[in-house]
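Engineer: Given chain D, put chain C in place with the hints provided.
2 protein chains.
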Amino acid sequence: MSRLRVHAFAVSIDGYGAGPRQSLDDPLGVGGRQLHEWVFPTRTFKRMHPPHLVEELSGQDEGTTGVDDDFARRGFEDIGAWIMGRNMFGPIRGAWPDDSWRGWWGNDPPYHVPVFVLTHHPRALIEMEGGTTFHFVTEGIEEALRRAKQAAGSKDVRVGGGVDTIRQYLRARLVDEMHLAISPVLLGTGEHLFSGVDLPALGYRVQAHATTAAAMHVVMARGAR
Amino acid sequence: MSRLRVHAFAVSIDGYGAGPRQSLDDPLGVGGRQLHEWVFPTRTFKRMHPPHLVEELSGQDEGTTGVDDDFARRGFEDIGAWIMGRNMFGPIRGAWPDDSWRGWWGNDPPYHVPVFVLTHHPRALIEMEGGTTFHFVTEGIEEALRRAKQAAGSKDVRVGGGVDTIRQYLRARLVDEMHLAISPVLLGTGEHLFSGVDLPALGYRVQAHATTAAAMHVVMARGAR
Numbered sequence: 001m002s003r004l005r006v007h008a009f010a011v012s013i014d015g016y017g018a019g020p021r022q023s024l025d026d027p028l029g030v031g032g033r034q035l036h037e038w039v040f041p042t043r044t045f046k047r048m049h050p051p052h053l054v055e056e057l058s059g060q061d062e063g064t065t066g067v068d069d070d071f072a073r074r075g076f077e078d079i080g081a082w083i084m085g086r087n088m089f090g091p092i093r094g095a096w097p098d099d100s101w102r103g104w105w106g107n108d109p110p111y112h113v114p115v116f117v118l119t120h121h122p123r124a125l126i127e128m129e130g131g132t133t134f135h136f137v138t139e140g141i142e143e144a145l146r147r148a149k150q151a152a153g154s155k156d157v158r159v160g161g162g163v164d165t166i167r168q169y170l171r172a173r174l175v176d177e178m179h180l181a182i183s184p185v186l187l188g189t190g191e192h193l194f195s196g197v198d199l200p201a202l203g204y205r206v207q208a209h210a211t212t213a214a215a216m217h218v219v220m221a222r223g224a225r
Numbered sequence: 226m227s228r229l230r231v232h233a234f235a236v237s238i239d240g241y242g243a244g245p246r247q248s249l250d251d252p253l254g255v256g257g258r259q260l261h262e263w264v265f266p267t268r269t270f271k272r273m274h275p276p277h278l279v280e281e282l283s284g285q286d287e288g289t290t291g292v293d294d295d296f297a298r299r300g301f302e303d304i305g306a307w308i309m310g311r312n313m314f315g316p317i318r319g320a321w322p323d324d325s326w327r328g329w330w331g332n333d334p335p336y337h338v339p340v341f342v343l344t345h346h347p348r349a350l351i352e353m354e355g356g357t358t359f360h361f362v363t364e365g366i367e368e369a370l371r372r373a374k375q376a377a378g379s380k381d382v383r384v385g386g387g388v389d390t391i392r393q394y395l396r397a398r399l400v401d402e403m404h405l406a407i408s409p410v411l412l413g414t415g416e417h418l419f420s421g422v423d424l425p426a427l428g429y430r431v432q433a434h435a436t437t438a439a440a441m442h443v444v445m446a447r448g449a450r
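Order-wise, the sequence lines are chains D and C.
Counting with my numbering, you get residues 1 to 225 for the letters of the first sequence.
Counting with my numbering, you get residues 226 to 450 for the letters of the second sequence.
Here chain D stands alone, though its shape is the one from the complex:
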């Protein structure tokens, strides 16, 4: 049965999944980029992302293999559709001024499957290169999940983010499995993942963990022991 999965979601030791004041220059909020330092050097990151992002965030090499890369790679395996919040799609708030914004990722985004973007503002779908199609869903998280599962068929659906979107799916007990990468950084302010979200009370248990020089990886699942 198709599951809803969160992967490679980076959190600071004080619980923030993004910095404050997201903008075109700070897609991850101020200070948010340091949350993701563990993934930038990995082979999966370099293979999946367009050259302009790899060049900005990483090096020209092939990328690392190992535990960090394994966790990054699993997030792309057996995924038939993505769901993301509107802030993960872009920095624009309110009604869409025009159709020019097509995401942060260039013409060939790293998804290669249908992506369902939660928004309060309707917009026509966008077909990108490489199989990615952005669909804009205004009817809420359950309808987005229904459409994503339909698109995914027997494969799973991944919730990419951001923090608020993941919090909504967690509180609705709709996430089946979640992998967090705890990064050794302090943000102090921004988007808090856990505030008001009691994961054990929602049925989540830590299923596995692994540490690397760059991160503590923790996998939790509903109903796991």
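Worth flagging that the hints you see were computed from the coordinates, not collected in a lab.
There's no promise every hint is true.
Per the computed footprint, the stretches of chain D lying under chain C, defined by three or more beta-carbons under 8 Å from a beta-carbon of chain C, are [as the list claims (entries may be wrong)]: (1) 10–20; (2) 177–187; (3) 206–212.
Every residue gets a Cβ at the ideal spot worked out from N, C-alpha and C, and that includes glycine.
Structural biologist: Only chain C this time, still in chain D's reference frame:
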């Protein structure tokens, strides 16, 4: 100059430093014990704690050496006095019913120096075996620190906990260095270390980190880069 240090303070990935509903049976709150699994096997823990606690929490062996033990050991080096909150000293709330409660640690507590216990309820000092003396301070955190520094001389003062005591010293910008051990567990409820405490805004920066199979160790200091 004598510094105020926090060491080996364990925190869940969702930010809790203790579970809820502390009691005689749950000194660390419900579920709180799993926060400390990283330290129980270490040589330092076994050497510093009384046999009845070691037997309950750990094994009969010599204890592990390595990164976890190094971090545990540093917390006892060059420490001339301790400060702790009243809940770290015991489960009793309100006025002291009598003088029978003498801490969780038996006749020879692991401190071996003066320990200043914050409380709203006066009580005569207690001299224990092995050099530990419990002093009860009713005049607040700054007076406790003044007396602890006086007792420590050229050595440092360690704040043992619990969460509320550490939060008070952090918010007053009085902690010079803090080592947290992030444990791969979820508590969901209990005593939250970071809530309302913006560490970067208070001047704290991550100075070093190290990961082991059991924990992510993070050292932060005020004014560090």
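Engineer: Decide, hint by hint, whether the structure agrees.
Structural biologist: Here is what the structure says about each hint:
no.	hint	result
1	10–20	holds (count 4)
2	177–187	holds (count 6)
3	206–212	holds (count 4)
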